[in-house]
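Enquirer: Residue numbers (my numbering), protein chains in the order written: chain A, 1 to 142; chain B, 1 to 142; chain C, 1 to 142; chain D, 1 to 142; chain E, 1 to 142; chain F, 1 to 142.
Hints in this document: simulated from the structure, not taken from any laboratory.
Any given hint might turn out to be false.
Copies of the same chain look alike in the list, so a pair counts if it fits in one copy or across any two.
Taking lysine-lysine pairs in the DSSO-like style, the calculated list, with each CA pair at most 30 Å apart, reads [to be verified]:
no., residue 1, residue 2
1, Lys-2, Lys-33
2, Lys-93, Lys-33
3, Lys-93, Lys-2
There are 6 protein chains.
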Amino acid sequence: MKAHLSRRYHFSASHRLHTDAYDAAQNFAVFGKCNNPHGHGHNYTVQVTLSGQVNPVTGMVCDLAELDEFAQTNLLDRFDHTNLNTLDCFANKVSTTENLSIEIHRIFQGFEAAHLEQIHVEETSNNSFDYAGETDLAPGRI
Amino acid sequence: MKAHLSRRYHFSASHRLHTDAYDAAQNFAVFGKCNNPHGHGHNYTVQVTLSGQVNPVTGMVCDLAELDEFAQTNLLDRFDHTNLNTLDCFANKVSTTENLSIEIHRIFQGFEAAHLEQIHVEETSNNSFDYAGETDLAPGRI
Amino acid sequence: MKAHLSRRYHFSASHRLHTDAYDAAQNFAVFGKCNNPHGHGHNYTVQVTLSGQVNPVTGMVCDLAELDEFAQTNLLDRFDHTNLNTLDCFANKVSTTENLSIEIHRIFQGFEAAHLEQIHVEETSNNSFDYAGETDLAPGRI
Amino acid sequence: MKAHLSRRYHFSASHRLHTDAYDAAQNFAVFGKCNNPHGHGHNYTVQVTLSGQVNPVTGMVCDLAELDEFAQTNLLDRFDHTNLNTLDCFANKVSTTENLSIEIHRIFQGFEAAHLEQIHVEETSNNSFDYAGETDLAPGRI
Amino acid sequence: MKAHLSRRYHFSASHRLHTDAYDAAQNFAVFGKCNNPHGHGHNYTVQVTLSGQVNPVTGMVCDLAELDEFAQTNLLDRFDHTNLNTLDCFANKVSTTENLSIEIHRIFQGFEAAHLEQIHVEETSNNSFDYAGETDLAPGRI
Amino acid sequence: MKAHLSRRYHFSASHRLHTDAYDAAQNFAVFGKCNNPHGHGHNYTVQVTLSGQVNPVTGMVCDLAELDEFAQTNLLDRFDHTNLNTLDCFANKVSTTENLSIEIHRIFQGFEAAHLEQIHVEETSNNSFDYAGETDLAPGRI
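Isolated chain A (complex conformation):
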């Protein structure tokens, strides 16, 4: 009996899309208003999807309190109320939500109580991104 559980976390952060590989004109051409030097920001919603056997005694895939504690330490304490561009993980990468999803996927691979299926990040109510790790298999919707 393999089930999936998904849990949503919320944080607010600012960022600026900019790469040193381009000059100012190229940066503006590629990133548009997201290249504003003073930055802008979002309320990000992260949905973590895990899978595993349903424990026949507890009826659970894993302990949500344990997952929340992991997320508090490794996700929210690091990202909430920050400027993403100042974080180590974006020192050499543009702070797009694609790269953010990949970084959060890396983080939750450290949660060992269930199998990480995918990270889903909503940047606005109309924009979202998914990352399921390197895989040959075309993922379904992710």
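Place chains B, C, D, E and F on chain A using the hints.
Expert: Showing chains B, C, D, E and F alone in chain A's frame:
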């Protein structure tokens, strides 16, 4: 032309997470505040995903009115405004949303007008669970 | 590093479910109140899911401004504030959301900057449809 | 102990904004794409707000089942899956959401179990209208 | 410069609508399925609206961290994951959302850093209740 | 026939809560994590509520296309994808959502086609602020 359709149903119920396999201290350690002896409750949202060929004459995978009637009789009339722990299906199983998803999946396998792909249950706006049946294939997002 | 991005577009349209292959009684039996001769309508939400390698310089799967421009010309300018039944694509097909999803999938195959994974269309807050093209692979959730 | 209760109802309908008082050019100038001769449509959400003393025995302002029955007969059976322009109430009035709110307010004045405070109608997720009847008092938010 | 701030809190609880003043048949007639002896439950959303002068130095009506601490102690620790009927405040009152709103209004009158305007409680996505205290003034929408 | 219409606009921005009137320790004590020197950000939703007589010919309070054009020029072009602290209006004021609401209220007083009732700004899904101008009258919910 195979398409998927998803339809959402809503019910309100109470439950208590508790197993006779554990003593009081173990139950509290595993289930925390969800082990409160008097129970608590949720507005549950169930999303049923079905697939099938799109009928070339009607343009439909199946008749939604027929699906709604099935859901009324087999899902809503059984679960809405109940205490899940008093239902037969939870006599020997903890009423977690994982187990609830599996039970609802069992129910909708009885709907024969389309192929059941998956059951998605939202317990709160931040918590959801999916069950797609026993399968070797790593399901996509589910 | 293959990621998915999903973007939502919104339009309002009217339609009537009706096929000339059936007589009036059959149409009413199959389509019910959706067969009302004067039509009815919806706020449709379309979610387009694309996949691709994350560009190592820009950190993006594709340019969202380019996607928005494509969607404006090919989706919104054609469907928003229309009666779906008057459009060429529904001249010989019932304007169900299944058929609408298939048509929108056909449209976004013309967007070449990323791989089209799937089209998701919400007709109401409780009803949605997905089309991922002809495929042998059982799609995940889609 | 005077409290307010609000209950939401949902229906889908089509309409066309057009007045015989204007010629074609004026209609288009005033109503734009909403003047499309074939119409368009929406998922309308109606929120009815009632007030009254909280009954000291039942703890209720009024019986919601009674309100639902009234709404089914007088609101949903009349408006759901219709073309608003074909209804008597819009024979001589443009079917704007302002006029729809006023008409629904007129209807719910017939519900006598509590005092009608206001009708709120959402045409899309970004557009809403409120009508509280003729009143000297500047209503609060309504 | 008087502004209003509203903050939402969420808890899950069960309840049963029942009064000892009625016999079984009367209870069922008045409360219907909500009278189920084993109870049912909801995800409740509470929105607290406060008003006050905007402090010219801090730009704030009051300190949200202080409000959150008050809400944690006085609202969430008391109501979350409980059976409302077992709480002192419902010992002699039916646990309707009208009475719940009045009780929560009483609680937040103890928060002294701003003026309490109103309590709004959502029981389901279609049902909500508001209480603004005893007042001669017909509140607007509240 | 006086009705209210409300229209929602969305923008993304960053900000930092900080006042030169306080030293670093005081700023942190008052603003907490919102005082992070590198800032953070939000998806802001602004709801503008206007009132007016329903025009007996057009059935409208005012022209929404005209309102959208005003909002594009005066709200979105100024605030979207910016750092609020770099704007003139926050040169001498903390960029709290209270002050943002007051500034947006000032802006929409320039829209002359209907009476401005109130500005509602959502900073996150749990936090919102309202400003209705200087008034003796206790506003309802606003």
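Enquirer: Can you list which hints this structure breaks, lowest number first?
Expert: Violated hints: none at all, because every hint is consistent with the structure.
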